[in-house]
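Chains as they are written, first to last, in our numbering: chain A, -13 to 320; chain B, 9 to 328; chain C, 6 to 376.
No lab work stands behind these hints: they were computed from the structure. On a predicted model such as this, the values are computed, not experimentally measured, just so you know. Where a beta carbon is used, it is the ideal one built from N, C-alpha and C, also for glycine. Mixed in with the good hints there might be a few duds.
[As the list claims (entries may be wrong)] Which residues of chain A face chain B? A few of them, derived with a C-beta cut under 10 Å, are:
(1) 0
(2) 5
(3) 12
(4) 257
Listed below, chain by chain, are the residues.
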Amino acid sequence: MFRFIVRRLLQLIPTLFGLSLLLFIWLRRLPGGPETAILGERGTPEMRAAIRRNMGLDEPILVQYARFVRRLIRLDLGTSTATKRPVVTEFLERFPGTVELTVMALVLAIGVGIPLGYLAARRRGRLLDHLSVGGSLIGICIPVFFLAYVFKAIFSENLGWFPSSGRQDPTIDATRITNFFVFDGLLTREWDAAADALWHLVLPGLTLASIPLAIIVRITRASVLEVLNEDFVRTAEAKGLTESTVRRRHVLRNAMLPVVTSIGLLTGGLLSGAVLTETVFGFTGIGAFVADAISQRDYPVLMGFILIIAVVYVLVNLLVDLSYSLIDPRVRVR
Amino acid sequence: MTIAPGKKKQKIDRLAELAARDDERGVSLWREAFRRLRRNPAAIVGAAILAVFVIVAVVGPFLAPYSPSDTIGIREGLIRPGVIPGADGDHWLGYDHQGRDEFSRLIVGARQTLLVGVVSTLIGLAVGALIGGVAGAAAGLGGRWGRWLDSTLMRFIDMMLAMPSLLLAVSIAALLGASLTTVMIAVGVVSVPVFARLLRGSMISQANSDYVLAATSLGVRKPKIALTHVVPNSLAPVIVQATLTLATAIIEAAALSFLGLGNPDTSVPEWGVMLAEAQQYLDIRPGLAVYPALAIIVTALGFTLLGEAMREALDPKLRK
Amino acid sequence: MALLEVDDLSVTFTRRGQRPVRAVDGVSFSVDAGEVVGLVGESGCGKSVTSLAIMGLLPRQPGLRIGGKAVFDGTDLLQLDDRSRRDIRGRDVAMVFQDPLSSLNPVIPIGLQVTEVLTRHRGMKGAEAGREAARLLDRVGIPDPKRRLKEYPHQLSGGMRQRALIAMAVACKPRLLIADEPTTALDVTIQAQILELLKELVRDSGTALVMITHDLGVVAGLCDTINVLYAGRVVETARRRPLFRQPRHPYTVGLLGSVPRLDAGRGERLNPIPGSVRDVLPWPDGCAFAPRCSRRVDECVGEPPEMVLTHDGRGYRCVNPAPLPGVTPAADVRATAPTAAEPGPVPAQAVPDDPPPAPGLGPAPHEEEQP
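Isolated chain A, as found in the complex (with noise of 0.2 Å):
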């Protein structure tokens, strides 16, 4: 167990440098080169010389990859050119709202989908059915930040439900430690802080949820159903089980590997909702910061961000790799 993860994690190193390879070059070929990834596009002719020199651009191109990813083992992402402020700072102190968003997005994901894709397999051709498939199609076909701003719009403004934006409400006085809100909240005992926090969370985290939810509840129903037509359930069955554990120990523990398999798949497609989400419900987060970097062309940022989250996806795989292994013993990790 432990040498399989050490493993992976060594797998890492190949992949991060071979992004930095094209990071690198990215950047490189950015219109008007590095200096203006730097500088933005304000720099005068003299600032841009210095930056240059400064940077080594002058140098041989090997000399300046490596001293690019020195940088990077360093953890020294550069300074953002929008706040003059280092990338890492920057995202240390909005990662927490990320991280809340997105668990928020996949809870809502994993505890709706699986209940209900298993349903509409037992249901097959029934009305429950019907509706789960056709509102999961919906889902994957409806572009996010136009369902942020419909949720917005009846939830939070005609029906006023939920705030319709940002992380909790600027007249709580709440104590910041993790920059967790709601584990901040519950770890200093201020309910009310704990609750809002939440509160916040729950329309965001509906409109991120929709794509994994869509997509949990596809793939749930499509492997219960064929779960359901496989030989060893027959077997179960005339064993004279009952129904309960049927289907909790042979139907829905086999049909469970396909849908974990696909949580990891699932990452990538948060992350990117998450920079339209955040931006629609002024989230302050990660997603937002690099929504606005985008429209800054703060490169920077939008680096650090790619780097962030090929570790993020790798290092999700490795639990969802290690958590199938639980499930399905003929992969065991040694």
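Knowing the structure of chain A, use the given hints to seat chains B and C on it.
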């Protein structure tokens, strides 16, 4: 035996018929799939939506009552700060923020939307098929170099897959600057890894299949096998995936426009750009967002319905 | 009173826009306590569907209709509600399936798959169930049962898996065991071992066994009574010896003729039955086997042949059965040529005076084995 001789003869004829049926059982995979497709209501609905969409995309400019770039509303002084008039007798869906006829823009916009979807899917398909095909062939040829090439290419593809599609598109758009071509390339690149993996996987499983083994043992040469057996059989899943990708491409293009990376020239309407533009006027005229959004959703639904139905029709597990 | 009395069982699948398919079309047979009964036929003849229908294991789906009766120990299994059926399944009637790998749950250890039956029907829990499960595995010949209990199906060999499945089936000492092609997916050497095991279990416990197979060798070594199925109906039923000695139905004759024999002479050829199971005539239109039959006469077409019962308790569904050795066939019987592609009455051929050699009488492989 109370049956009249004539009737008995018919029955025996029937026997002959039953025995002769053996010969026509080799119905082709495609015809069989098409037959199943025709019976699937979801496929019919999807195909109908797409038919309407394509027709509108082709003849839209002739159908539109007004020019999509004619700022009628401004000329007639209807557009003032904070005011965008809604529908009236001549303008069924009202005006957009520049006083252009929204209905005409919607109709004419179908063409550009279809263009973005098709071109970007073709880009993704071509590049993906090339990478996947090379990797699949390399894996099939085997040997140390074959395996090395295959695993290197696939590492690269996995890396692309790891990146959120939007970020990938954004980084490409950042390189190329905001334009229509950018959107198409960026959205196309996003679907490269999907096609590459699909084609490689399909090729490898085909290569390991019994009929290829049979062909090899009969002495058919490898390139010939690839052309006559492996490629045609890998084609079906690729076509299905392309149909599904068209849906996501249209949605993805809209998201790029939303982030300000879309086509800056709005004289030629495109639904994604229209939707992105409408955000600023949500308080005044939410309809401006709703119409293009609905158009995008329905079209994407059409592609998805048809694609899923095709997948089901071609799925050998369901073909009993 | 028979332990299981299946009477006029029929299973019909109707799909929207298609003609109904009668997978089982009036099957009747009976099984006495402790008896071994074979259901034999080619794939597609309805033998598996019959067993699944009796067990109530056919997937519930719209368009599925089951008719007739399957009376087990006084209760009609087909009329039971789901709960009582689950009480009987695995306890009184158990089943062993064809493909042992796919019939075992891949993500659960063998042990749990055995103990769950014990828990359900015998109320055993924990260590007690574990001990009993180990005893069962030992009983079916799995060495080192304690270790095997913790293993997963993919870690076992094919023969071991089938033994484990049998252990689960006999865990509650059922009075009836249905084995659906239990040896088809196994190597020949393993096949013999598994058959031997089944034979032994049945003899020791007095369990009745319904053996479903396409393999006449299996039937020859095991069964007391044999029912031959064709296109969803029993076409011949007989005790083992008479069936192999003097098959009456042309289909049975054909089946026996297509078994390769060791004692066959060198240039002697196998006699396969022409055509395939798909060339059937619907029963209401006559004998379903008629399109492939070498003894076809005009009377075969028109209405379904009745089951002819003879004095020695055997029956066949044929208007022109293979003659018993030594008996001259009725002179007025006229056979037509088997070429179905040539419609219309074919010039009559006289049946040769000497009876056709009853094929396949050589000892089938398993009959020679020592029990």
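Broken hints, by number: none
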